Amino acid sequence: MIRTILIVLLFVAVAGTGYWGYSEHQEKNAVLLQAENNYQRAFHDLNFHMDSLHDKIGETIAMNTRNQLSPALAQVWRLTSEAHNDVGQLPLALLPFNKTEEFLTKMGEFSYRAAVRDLDKNPLTDKEYNTLKELYANSTEIQNELRRTESLAQKNNLRWMDVEMALATNKQPEDNTIIDGFKTVDKSVEGYTDVDFGTEVSNMEKMKDRDLSQLKGKKISKDEAKKIAIDFFQLKKNVKITVESTGKEAKYDAYSLTLYNPETKGTTYMDLTKKGGYPLYVLYDRNVGKPKISLNEAMMQAEDFLKKHMESTMEMVTSDQYDNIGVFTYARLQDDVRIYPETVSVKVALDNGDIMGYEGTDFLLAHVDKRTPVFKISEKEARTNLNPNFQVKEISKALIRNDINEEVYCYEFLGTLGDDTFRVFINAENGNEEEVKKMKEAEPSYNDI
Amino acid sequence: MKRNSAYIKGVFVIIALCFGLLAGFGQNNAQAFSNQVIQVGATGEDVVELQSRLQYLGFYTGNIDGVFGWRTYWALRNFQYEFGLPIDGLAGGTTKNKLAKASKYDKAWVNKQIDTGKKFSYYGGEKKSTKSGAAKGGTATKGGAAKGTKGTGQGQAKAKPAQVKPAKNIPNGYSQNDVNLMANAVYGEARGEPYIGQVAVAAVIINRVESATFPNTVSGVIFEPGAFTAVADGQIYLTPNDQAKKAVMDALNGWDPTGEAEYYFNPDTATSGWIWGRPQIKKIGKHIFCN
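If you're matching them up, the sequences are chains A and H in order. Numbering of the first sequence is given in UniProt numbering, commencing with residue 1 and proceeding in unit increments. Numbering of the second sequence is given in UniProt numbering, commencing with residue 1 and proceeding in unit increments.
For reference, chain H alone in the conformation it holds in the complex:
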């Protein structure tokens, strides 16, 4: 492994010299990572760098998406094992130094790929060719093999403009689209309410999904005819603000200010007498929540 990386390093320096990019690479090495300890679940640029470097060395085979998921975790642990480091799955000081020494990272190129949303990989050998091709179309590379890999790589990217935008953590059992739909419903139903009232409305939706007496999906609950006034009058199609999304995320992560309520109503506008008969739990903002 060590000899291998030394070889890669050597090849790299030569090519870097060719392109006159030596200064750039030197900088990259010196400024590897910020000084945070990176752990499972983290997102952001450091994770992109971690994934890129692990992929450069062949440990990480997933998408470079900026989220420290399980695949990154196992890749990091393999790296720690191979390099004789304590295997804890945390990217701390020594791990990061070892990683920075063993691999190269071209931040600008990786970030550019992420921004354009193309599918890309960052393996040690193949990377250079893809990179030079992307950076300057004019400067032709020599190696035929390198050209070949580049061709297939780009062909794929064109045929399938798959978006590898930075991914997001979403609470287990739900998708980003569920979050959006719920944010729409919360915004339509409770945009004038205090924050806690919005979390409460989102929590009621989740309580209903889990309840035996309501449909079992987020969309089923939200679009149940007559269940929400915002659905009936079309306010659900307004564009939700960030606060509504935050409220939904809190509710999905388990916060339930309602005490497991399945109904709520606005006492000023409620027309149904039946709803008043439900056992009331508490009032949050303008809404009364009940069982």
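Next comes chain A alone, as it looks inside the complex:
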């Protein structure tokens, strides 16, 4: 009797486990399939977009009328961004595919610039037609290679999940078609790195290539860096300082210092440029208590700090309170002109007014000792180019970097339209509206962050 019951129970248990295992397996497969489907979709989308991109570029070359060309270039711009988006959804993070992504971005930038330009006044130059031709040739290669990969993947029923697993574990997958295909695409793009995208796109590159070699002063040693840090914070001897040098290939040659103060139990991190020993950034890490001083008092602290450590005159452009921290941005002021590219940020603790951080990388990269402001048109003339509904409240002069990264002198109008506040920059040479910036209002808390 008991035996029969036991056997029945055992049977039920085995059957139950089997069923449970089976359903788990089914579920797992469903989830995997779901992920696979997402990858497949992104992959086929990418192919489709590269196809259309190729065709569109071809059409722009064949086009003659201006009023056709602008929309076609806008299409190119849209398709590059779609394709870029598709790439971002594929598990290619561990695969060298960035040349292609960069290429897509530049192509987008190039076509955008050409599309928004008044082609009646400024038709495409021969040089730009050549660029388009080169882009066309390149996109032909990319398209062919991707199509080939796609068809092989379909024929052999290749799965992106396998590619992802292979890349994540660094093992060779059984079938390398997909990985090889993408590698070939990236190689082919490499051959086109010297395509001339025009000054506007190459200005972007220039911004990326800035370094600190223009700084004044001698190269400092590690010990000198320590001394500078001790002076900077007016430290006593008992502070522990470690200095490390950045790698050889770092863009900004610097020493990274870590200072531990046993009295306050706070750690300060600081980077000093090797050339000249200028601080790139300072961050002080300690617990900050409840705010006891006002943002205004904190601003005074920040200004004292800047007076002590900077030779240039700085003017505050933003001030924000984040709970118990105040963050202030300052731009350099020269001849009453705000030099916006040369900004520093200062962070102040609102419990006792300690300086919690300083960021000066942008300032060091953009700093020029003496600029010569050019203001050809008058403030009144500049004003005529404003939206008539815009109510001007404050006017100042400024140097900004416009959307193609050129430095331009502008009249800065701060004012309101309806309930919103805007900063409008009008070029002081030709009266162009260079930039309109909506000033952000605080966001309501939907939830506590």
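If you're looking for bench data, these hints aren't it; they were derived computationally from the structure. No experiment lies behind these values; they were computed from the predicted model shown. Please note that a few of the clues may not be correct.
Said to hold, decoys possible - Under the rule of at most 27 Å between Cα atoms (straight-line distance), these lysine-lysine pairs were calculated in the DSS-like manner:
no.: 1; chain 1: H; residue 1: Lys283; chain 2: A; residue 2: Lys227
no.: 2; chain 1: A; residue 1: Lys393; chain 2: H; residue 2: Lys98
no.: 3; chain 1: H; residue 1: Lys283; chain 2: A; residue 2: Lys240
no.: 4; chain 1: A; residue 1: Lys265; chain 2: H; residue 2: Lys119
no.: 5; chain 1: A; residue 1: Lys206; chain 2: A; residue 2: Lys222
no.: 6; chain 1: H; residue 1: Lys283; chain 2: A; residue 2: Lys265
no.: 7; chain 1: A; residue 1: Lys248; chain 2: H; residue 2: Lys283
no.: 8; chain 1: A; residue 1: Lys226; chain 2: A; residue 2: Lys206
no.: 9; chain 1: A; residue 1: Lys308; chain 2: A; residue 2: Lys292
no.: 10; chain 1: H; residue 1: Lys286; chain 2: A; residue 2: Lys248
no.: 11; chain 1: H; residue 1: Lys283; chain 2: A; residue 2: Lys219
no.: 12; chain 1: A; residue 1: Lys222; chain 2: A; residue 2: Lys248
no.: 13; chain 1: H; residue 1: Lys286; chain 2: A; residue 2: Lys222
no.: 14; chain 1: A; residue 1: Lys222; chain 2: A; residue 2: Lys251
no.: 15; chain 1: A; residue 1: Lys127; chain 2: A; residue 2: Lys106
no.: 16; chain 1: H; residue 1: Lys119; chain 2: A; residue 2: Lys438
no.: 17; chain 1: A; residue 1: Lys290; chain 2: H; residue 2: Lys112
To be verified - Partner residues aside, some chain H positions facing chain A, computed with beta carbon under 8 Å:
no.: 18; residue: Thr43
no.: 19; residue: Lys168
no.: 20; residue: Ile170
Built from N, CA and C at the ideal position, the CB exists for glycine as well.
Starting from the known structure of chain A, arrange chain H on it as the hints suggest.
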């Protein structure tokens, strides 16, 4: 303007007498504001009071959210202009005194409204009715008009339980949700790291958003397949601590300890040979940051 405020004041005193709240109002006036100078960007109770008082006088039409934003700034400047004060947009001693004299502020009521998260306003005339209704349902108000405004006001609040919790400053170009998402990623990726290492990870995310070779949004960068191990193994869904959030805020405010790095890896666990080939910038904590 002056006569108007005097009239409002008069009406107020009478009503206050009716409700026997005179003592309370007297106190409010005496203890107006703390002694700080309030400037653009500030947050906290003083800003709530500033906004309420400016709204009471009709200068400020935005939400009372406790953040000294641009709308508050222009309202304050208008107030300073109307009252013949130097127009500097700063709420200093004289400005605050003038403001306190010209307006009434019921701190308890305003704070209660903020806590309950209802939409509310604090205009001179309308305020009393809303207030008495909210404070004591039993004590009925007389004026029919007052009742009317109260009704619509509350109806709105019920239909749309919009949260007017105290707002927050967020660095330009990002939202609170971006900050939360980044804090999740930083916590999942680098919770064992020193503070500077967490700022560095957040900075890499921002550098990628700005880079041409990566997606252009915070979410696009974070959820790019294979980009972050914390995303792949689900650690991104852990609840981040305050330190991770602080690190994200620092990075969003411009601090970048990495020297514009776009990649980092943990040399002990990195499986990809390719990542070792990238030009290395520096090591922070356990991570090597590279270009």
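Problem set entry | Holds or violated: Lys393/A to Lys98/H, with C-alpha atoms at most 27 Å apart | OK: Lys393/A and Lys98/H at ~23 Å, within 27 Å.
Exercise. Does Lys248/A lie within 27 Å of Lys222/A when you go C-alpha to C-alpha?
Worked result: Holds, because 15 Å separates the two Cα atoms, which is no more than 27 Å.
Exercise. Taken at face value, is the distance from the CA of Lys206/A to the CA of Lys226/A at most 27 Å?
Worked result: violated (33 Å)
Exercise. Would the pair Lys127/A and Lys106/A pass a check requiring their Cα atoms to be no farther apart than 27 Å?
Worked result: Status holds; Cα separation ~16 Å.
Problem set entry | Hinted pair Lys286/H and Lys248/A, Cα distance within 27 Å | Roughly 19 Å between the alpha carbons, so the hint for Lys286/H and Lys248/A holds.
For this session: Could you grab the alpha-carbon distance between Lys290/A and Lys112/H and see if it respects the 27 Å cut-off?
Result: OK: Lys290/A and Lys112/H at ~22 Å, within 27 Å.
Exercise. Do the numbers back the hint for Thr43/H, that is, is its least Cβ distance to chain A under 8 Å?
Worked result: holds (5 Å)
For this session: Compare the distance between the alpha carbons of Lys286/H and Lys222/A with 27 Å, and conclude whether the hinted pair is satisfied.
Result: holds (22 Å)
Exercise. Can the restraint linking Lys248/A and Lys283/H be considered satisfied, given a maximum Cα separation of 27 Å?
Worked result: holds (12 Å)
Problem set entry | Pair hint outcome, Lys283/H versus Lys265/A [Cα-Cα no greater than 27 Å] | Holds, at about 23 Å.
For this session: Go through the hint on Lys168/H and say holds or violated, using the shortest Cβ distance to chain A against 8 Å.
Result: Nearest chain A Cβ about 6 Å off; hint holds.
For this session: Have a go at the Ile170/H hint: is there a Cβ in chain A nearer than 8 Å to its own Cβ?
Result: OK, holds: Ile170/H within 8 Å of chain A, min 6 Å.
Figure legend: structure checked against the earlier numbered hints; hints not met, in rising order: 4, 5 and 8.
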